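Take these sequences, add in the hints, and give me the full structure.
Chains as they are written, first to last, in our numbering: chain S, -18 to 465; chain F, 8 to 135; chain Y, 303 to 379.
Because the hints were derived from the structure by calculation, they are not lab data.
Here the structure is a predicted model, which is why all the values come from computation and not from measurement.
You may find that some hints are simply not true.
Claimed, not checked - Okay, the calculated bits of chain Y under chain F, using three or more residues with CB under 8 Å as the criterion:
#1 350 to 356
#2 363 to 369
Stated by the list, open to error - BS3-like cross-link-like pairs, simulated, lysine-lysine; straight-line CA separation at most 25 Å:
#3 Y:Lys373 to F:Lys121
#4 S:Lys407 to S:Lys417
#5 S:Lys8 to S:Lys83
#6 S:Lys407 to S:Lys341
#7 F:Lys121 to Y:Lys323
#8 S:Lys5 to S:Lys85
#9 S:Lys83 to S:Lys11
#10 Y:Lys373 to Y:Lys323
#11 S:Lys407 to S:Lys83
#12 F:Lys121 to Y:Lys327
#13 Y:Lys372 to F:Lys121
#14 S:Lys351 to S:Lys407
To be verified - A few chain F residues facing chain S, derived, Cβ under 10 Å:
#15 Tyr10
#16 Val11
#17 Thr14
#18 Lys39
#19 Val50
#20 Asn51
#21 Ile54
#22 Pro86
#23 Gly88
#24 Ser93
#25 Thr100
#26 Leu107
#27 Thr117
Where is the CB? At the ideal position from N, CA and C, for every residue including glycine.
Residue strings, one per chain:
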Amino acid sequence: MNELIPLMVIVPLMAGLLISAFSKFNKATKIFAFVVAICLPIIPLASNYGLHYFGGYEPIMDNVTNVMFHPAITYSFTFLQQIFIGMIGILTFLVVFIYLTKYKEVSGPYLFLLFLGTAAVTAMLLTDDIFHMFVFFEILALAQVGIVAASSIDYSYEMALKYMILGSIGSPIMLLGIGFLLALTGSVNVTDIAYAVHNGLVNITSPVFLLSLGLIFFGWLYASGLPPFHTIKSGIYSKAEPHGAALLQSFTVISMISIVLIMFRIYSVLPIFEVLVVFFSILAMILGVSLALTQTDFRRMIGFLAVGELGFIGLGIGLGTPYAITAGLFQALNEIIITALLFIGFGAIVNATNEVDTRKLGGLLAYHPKVSIMLLIGGLAMAGVPPLSGFQSKLMLVQASLSCGYPEISILAIMVSIATFVVFVKTFYTMFLRPKPNDLEVEGKDVPRAMVFAMGILLIIIVLLGIFPDIVIKGISTFVGGIL
Amino acid sequence: MAYVHITILFTAALLIIIGLYSAIFIDNIIKKIIGISFIEEGVNLFIVALGYAPDGVVPIIMPGMDPAWFAANAAYPLPFGLVLTSIVIGASTLAVMLALVMVLYRRYGTLSTKVMLADTSKQEEYNE
Amino acid sequence: MLEFILMIIMVGSAILALIQKDLLKAAILTGFSAGAIAFLFQLLLAPDVALTQAIVGAVIVPVFIALAVKKTQRSDG
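Here's what the structure looks like:
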């Protein structure tokens, strides 16, 4: 029992509520938000590993069937949760810091949405209860819609409404899948369901079990923005403020891995599950990169590249071996950092030039050398250039698919990496290196210092993870050994 | 009472199908949202029907009840708890969607989805 | 017998709400459908869910929709 585990969810949730209630005291709100944002990465680092049973209801042994069952909502906190929640905490801190320094008058509801989203993904990672995950999945969808609608970019309301309509079709369907699982096993605790499935208490060839897989899988596709939802997902990234988009993509990645890990624990007995995950991941990789190539709005381009990177995570988990899952989770961690860096960096360029069309930009290297160098390194990390962190995880993925006996997939992964490189370098060239168009005015506008600071911190993490990947990989592979 | 139970499951399925049809094919945005609320209600009805025990009792233990008899005859209360949460979530989602519709109506002056939600794609065409 | 009447009311008012030209009537019919579901919940031995559904589904949601209709337009088309 560790008392700090539920605090990871409660602190951002309560802080968000307090901030939105007392947002008229501007100065106090700013200080309070800053303090809470600093606390967010510290709590998971200070906490011990363990399980937390809400209400103190410990698992009970059924005397008749000799099966352990969990009456309470259970939070399990291991190295995987620690590293991801810590990373989300750092990212939230940076985003809140950028927001606080950008505006004199802070908006309480917007900070509330940022903290609400953080609390929701934290709970989704921690929870061992499939319905609890669904509740926070819905809360996360509301927070994402709010963050998009609160931005001052044109057509953000339309995009928010579209995302919401799709979401409110997708989430009842996912709930229906959870209902089928509940009907089969009589429980919503993932450990109990997985025990029942793996020990033959459930007929795994029954159509109801397959149907529940299909329905939950549909909800997962919506949550993670894999095809057919890739257009709407990259759309909401491009309609949010840049720092909001940096947080939104991390929400997507976390909700993707937390749902897919739960599905993996339950459905790994069905061979079709892994085929489905690999199929949609490859589709996402190809569609993401090829659509990114045709974009002229660079925020949209990063959005599609982010969707393509999601495919790599899904690929690692779909291959199903411990090494591949470790690679996929490591890739997820890298993608959170790298994509956040790219969104913040390109957001700085939007700030400075008020222009999102790559064809109208050019020659920015002379005006913003720091930002452009950091963006270049971030883009190279995304494409998988050594010695950055993206290289390590992609190398692991390629090795994993080779050792599983699918050389085609590893060739495809390398090709998609090269295409990512091409897309990024092409955009980088048109924006920073080629001569400046005559009608572009960039004089006198500076990049906010908070953004440069945030990019610097993310860059340090990228380089550190690239040179010393073992600090993360060892812990993740222990976790993966535990769930298999 | 068992055939009633089955009929309720089929009615829930029918409600979900009606909701899906209207959410996908009806042009008016308010009716789309009403259809979405029908999907949610259908799913709720389905999950409550899972917990139902034919000829059972309400899962609230009263003084003087024999615990063994209660355990054998009471309905399964876990789905009911889930549905309570799900109803409230559905209502709040609906409220947010209606608020967005009200803002968008001020800009477009119509409730048609084709007009209201088409502009983002138009903007993309302009970009390309 | 009561269950079948409630189911017919539920599905019937759902379909009627969706083919209605007047959106205010559609909002009220949504309330009818949700109220029938609340009765069904009571018959399915879930009185707590029935109470919540009766308040949220049959009163609050139709009022929300009616407010949105009042702020926008009443006729479908």
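Results of checking the hints against the structure:
no.: 1; hint: 350 to 356; result: holds (count 4)
no.: 2; hint: 363 to 369; result: holds (count 4)
no.: 3; hint: Y:Lys373 to F:Lys121; result: 20 Å, holds
no.: 4; hint: S:Lys407 to S:Lys417; result: 16 Å, holds
no.: 5; hint: S:Lys8 to S:Lys83; result: 14 Å, holds
no.: 6; hint: S:Lys407 to S:Lys341; result: 14 Å, holds
no.: 7; hint: F:Lys121 to Y:Lys323; result: 18 Å, holds
no.: 8; hint: S:Lys5 to S:Lys85; result: 13 Å, holds
no.: 9; hint: S:Lys83 to S:Lys11; result: 12 Å, holds
no.: 10; hint: Y:Lys373 to Y:Lys323; result: 17 Å, holds
no.: 11; hint: S:Lys407 to S:Lys83; result: 30 Å, violated
no.: 12; hint: F:Lys121 to Y:Lys327; result: 23 Å, holds
no.: 13; hint: Y:Lys372 to F:Lys121; result: 21 Å, holds
no.: 14; hint: S:Lys351 to S:Lys407; result: 19 Å, holds
no.: 15; hint: Tyr10; result: 18 Å, violated
no.: 16; hint: Val11; result: 17 Å, violated
no.: 17; hint: Thr14; result: 17 Å, violated
no.: 18; hint: Lys39; result: 7 Å, holds
no.: 19; hint: Val50; result: 5 Å, holds
no.: 20; hint: Asn51; result: 8 Å, holds
no.: 21; hint: Ile54; result: 4 Å, holds
no.: 22; hint: Pro86; result: 6 Å, holds
no.: 23; hint: Gly88; result: 9 Å, holds
no.: 24; hint: Ser93; result: 6 Å, holds
no.: 25; hint: Thr100; result: 5 Å, holds
no.: 26; hint: Leu107; result: 4 Å, holds
no.: 27; hint: Thr117; result: 13 Å, violated
The structure is inconsistent with the numbered hints 11, 15, 16, 17 and 27, although it conforms to all the rest.
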